[in-house]
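Required output: the full structure, derived from the provided sequences and hints.
Note that the protein sequences, when read in sequence, are chains Z and E. The working numbering numbers the first residue of the first sequence as 748 and each following residue consecutively. The working numbering numbers the first residue of the second sequence as 583 and each following residue consecutively.
Source of the hints: derived by calculation from the structure; they are not laboratory data. Worth double-checking, as some hints may not be accurate.
What the hints assert, rightly or not - Straight-line Cα separation of at most 25 Å, DMTMM-like style, residue types lysine to aspartate or glutamate; simulated pairs:
no., chain 1, residue 1, chain 2, residue 2
1, Z, K976, E, E646
2, E, K645, Z, D899
3, Z, K829, Z, D899
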Amino acid sequence: MKKLLYFILLVVTGITVKAQNPSFSPATFTAEDEVTLTIDVTGTGMAGAVEAYIWIFSNPDIGGGADGVTNGNWTNSSNAAKMTAAGTNKWSFKFIGTTMFGQSPAQLKSFGFLVKKKDGSSQSPDYKPYFFDPLIFTPTMLRVFPARVGSDDVVTVNFDKTYGVTINEQRMTPVSATVTVFDETGAQVGSPLTINARSTGTSIWSASFIPSVSFTPGAGRRLNKFRYKFNGTVLDPGGVTTTVSSSETEVVFTTMQ
Amino acid sequence: MKIILKTSLLVFAAAIFFAACTPVEHKELGAPRNIMESISGTWKLTKAIQVDEDASKKGFPFKELDITTLFPYTNFLLTLNLTNGGPGTFTTTPGSSPRIIKLASGNWTVDNIEYPKVITLTSGAANEKVTLGGYPVGASNALKLKVERKDAGTGKLLISYSYEFAKQ
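In structure tokens form, the structure reads like this:
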């Protein structure tokens, strides 16, 4: 009876306790902090490997990314990318974001990585994205509030034409925002959502939505990221009202607890 | 003669001074506040504020947003029932409001029956925690609840929602 109880306890514990993989030390870090990541590759193509190399990259899926300076070539990783054994199927690696990617703290938003053999014959899946804590506030034309959001949160996208790049972006009067959501496979979820924009400042327009209310992913899928742009009007040289759109940007949802 | 006069004046002044000190009777404080009683009942959401906790911590601009009118939050109703003077059952009736509490009904408990801070709402195996921002006692009759959203990977607090309810 006692053995049965222990067995049930073990099974329940195994189901309910899910270790964070990868884990980071410290748990939160800026692009200028030294951080040690530890990854358990059990169940991946790297399980049982006797040595492992990291392949690391910045800003996955949002543009402006760079490969880690330690990566080397896919078929011949550099020795600087060699990971340290941290237990059975566990590997750790220490790095500083700005040094690793040769980018400024303002440029570095997130990073991702995979674990591979030196010759690239085996690899783990991608692990991404993991966010750097920003050091400074950088005003931009397109901004999301809050800065990091989950798919169940109220998401407000903002357009500040002070920071417009093109003439249309600098001159347009926004009337709506168009949001397109994607699942973790990259497939578009439903149809793009167009929301009315409201003026929230001298040069700022905003539009709000709740992703999980407006978009339903396919069975077994989850909302992973969204892209948004603002639409508005400008007067052309002939005085005719013309519809224009801003550039588009992408936001990856943070998994919340 | 001068010394006698001075001494008499001092004694007279001291007598007046001490005579003014009459004992004051302290009144009873009354029964302790019954927080459970004040929390119970049906509450309607009146205000919803979203806070970017990370931006607040760093002193960045754009720290919070009043989202009360962005969506029909004010349709949301929360009912907290008592059982034998303690936490009992609860129901949520969102109407057209976003579900600020996902559970529809179940039981609620508190971390401290006299001075509760965290309310745990449970329905089967699922549970949600909300933090009390203020007791609806005295001059304030609003129930204030706070819901925190943390990064599942790091446990870092990223967003909080502050909700104010009025008793129905």
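Do the hints match the structure? See the list:
no., hint, verdict
1, K976(Z) with E646(E), "holds, 22 Å"
2, K645(E) with D899(Z), "holds, 19 Å"
3, K829(Z) with D899(Z), "violated, 39 Å"
Taken one by one, the earlier hints fail for this structure only at number 3.
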